[in-house]
Amino acid sequence: MSAATLTSDKVVSMHATPSAVPAPAANEAAAPVAKAAPREPRTPISEILLAVFKAVFPPIAGMALLVAVWALLAAKGGSIPGPLAVWDAAKVLFADPFYNNGPNDMGIGWNVLSSLQRVGIGFGFAALVGIPLGFIIGRFAFMNAMFDPVISLLRPVSPLAWLPIGLLVFKQADPAATWTIFICSIWPMIINTAVGVQRVPQDYMNVARVLDLDEWKIVTKILFPSVLPYMLTGIRLSIGTAWLVIVAAEMLTGGVGIGFWVWDEWNNLKVEHIIIAIFVIGIVGLLLEQALLLLARRFSYGNS
Amino acid sequence: MSKTIVKVENAGMTFDTKKGKFVALRDIDLTIAEGEFVTLIGHSGCGKSTLLNLIAGLTLPTSGNLICDGREIAGPGPERAVVFQNHSLLPWLTCFENVLLAVERVFGKKEGKIKLKARAEAALDMVHMTHALHKYPHEISGGMKQRVGIARAFAMEPKILLMDEPFGALDALTRASLQDELNGVMEKTGATVVMVTHDVDEAVLLSDRIVMMTNGPAATIGEILDVKLARPRDRLKLAHDADFVEYRAALLEFLYQKQVKKAA
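Here the protein sequences come in this chain order: A and B.
First residue of the first sequence? That's 1 in my numbering, and the numbers climb one at a time after it.
First residue of the second sequence? That's 1001 in my numbering, and the numbers climb one at a time after it.
I should point out that these hints are in silico values taken from the structure, not numbers from a laboratory.
Among the clues, some could well be false.
Stated by the list, open to error - List time: in silico DSSO-like cross-link candidates among lysine-lysine, alpha-carbon distance up to 30 Å:
#, chain 1, residue 1, chain 2, residue 2
1, B, Lys1115, A, Lys217
2, A, Lys217, B, Lys1135
3, B, Lys1188, B, Lys1115
4, B, Lys1117, B, Lys1135
5, A, Lys217, B, Lys1003
6, B, Lys1109, B, Lys1135
7, B, Lys1021, A, Lys217
8, B, Lys1003, B, Lys1188
9, B, Lys1007, B, Lys1021
10, B, Lys1117, A, Lys217
11, A, Lys217, B, Lys1109
12, B, Lys1188, B, Lys1110
To be verified - Taking CB as the label site, the calculated pair distances span:
#, chain 1, residue 1, chain 2, residue 2, range
13, A, Phe224, B, Gly1142, 21 to 29 Å
14, B, Glu1111, A, Lys171, 55 to 63 Å
15, B, Asp1125, A, Leu286, 45 to 53 Å
Treat the numbers as computed from the prediction; the structure is a model and nothing was measured.
No residue lacks a Cβ here, since even glycine has one placed at the ideal position from N, Cα and C.
Start from the sequences, fold in the hints, and give me the full structure.
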C-alpha cells in the first residue's frame, strides 16, 4: 500500500504534472506539492526516501543480523551449515516439493500439508466442543464455578502428556497426534469464549430484556456477535499453540508431517533440511496468525 | 382525567451493598396518565434513574407496587420501551436492522415482512434518519445514534416510553435540535413519556408535569410542578414567556435552595 503511494508521489514530483496524480493520492499529495513549489521542489523526494528508509530498513537490518549471526556460528561451530549451504539445499528441495516415494519419503509440501490437516481436524473438534462449552460456562455462574477448578488443573499440562492416552484409546499414531492438538486447542477457546460472554455489555443485555427477546434471538443477535471478537482471539491463540505442538507430537508419532520430517532429516543427518524446516514452520505459523488477525479485524465493528 | 397508564404505589428500593443496606428510594407515589409527558428531575444520586428502572421493570422494588395498564410490573417488556442514555444500539446491526429487531419482536407474529420493514422505515423517517438507514452506529454521530434509539423505542408503539437522560451525552446544540424533534414526534403520536433529566430548560420545555426529587439517600418526591404551557411549544418564544420563566425559577429554587447539594 504505502509503497504504491510513494512511487506515485515520486512520479508526480519528477514530472511536475499534478494532473497525473491518481485519485486516492490527490488529497494528500496535491496540497503539499502546490505549497512547496515556490520553495524547494526537492524536499518531498528526500522526505519520501526517509520514510521508505524508516519503514524498510529496520526489518531488513533485523533479518540481516539473524543471517550474520547464523553465518558466524556456522563458520565457527563447524557442524551447523551456513546460509549459503542451506540456500543451495532449499533450491533443490523446493524444485519439487510434492514428490511421493512412499510414506517415508515425501516432498516437504506434502509434509506441511499433512501437519496442517492434523491441526485443522484437531482444532475443528476443539472448536466444536470448546465454543459451546465456553458459552455455557460464561452464561451460567454455576457452570463457571463447576468447571473453573477442572480447567485450572488441566490447562497447565503439556498437551504431549496426553499423547499416550491418545495412543491407548485410538491405537494409532495419527489420531493420537490429532488428539493432542484437540487438547491444546480447546483451553484458549473455552476460556476466551466464556470471558467474552461474561463481558457482553449490560446495555445490550438490557436491550434484550426490554425487547423481551427469546433465547435464540439473544444468542444470535446479541451474544454471538458480541462474543465473536473474543472467540476469534481464542481461535488465534489455539491455532498458534496447535502449530507449536504439532511439530513435537509428530516427532513422537512419526508418519507424514513436518515434525516427523524434521526428525527424519536428523536421522539422515541432513542438517540443512532441519534449518529449512525451521523457516518453513515459522513462515506457516506467521501466515496463520496474520490470516486470523485479518479475520478478527473484519469483525471488530469499529467499536463505538 | 384520562386513563391511567402507570401507577406507582408506596414504592421503595433498598440495595444490599458491602457497607450494609442502602435505601435509595422510599414512599414513592405517582400516577401517570395516558398522553402525559412527565419528567423526573433532581440532583445526581437522587434515585431518579432508579425510579425509571423500576417502571421499566429492569429492577424490582423492595417494597410497594408498580402497575402498568392494570397489571403489576414484574419485569421488562416491550410495552414499556426504554431509550437509554448511551443509545445502546447494537454495533453489528445497521440503524435499520436495530429498529427492525424491535419491530419484529413486537409485530412479527401479526404482520408480514414488508409491513415490518415499512414500520422500521417510518420510525426512522420520523426522526429524519432516512439517509442513514444502512449505516452502522459507529459511522454516525452521537446525536444521530440517539435519534435511532428514539426511533427504535417509538417503532414499538409502547404504552409508555421511558427515557433515561436521553440527551445527557450530547452537546447543547444537538440536544436542542433533538428536543425539538422529540416535541414534534410527541405531537404526532401523543405518546406517554417518562423522562429523567437534570436539565431545567429541557424539563420545562418538554413536560406536562415535572416531578422534583429530594436528595438521596432515601430520596422521595419533593414537589410536583404542573407545566401549563400551550403546545406546540417554540423555544425561541418561550425564552421570553413569563410563565416559562416562572416555571424555570420554581425548579431552580427547588434544586438550589430547598435541596442544596453538598459539595461532593
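(request) Sort out which numbered hints this structure fails and list those numbers smallest first. (result) 5, 7
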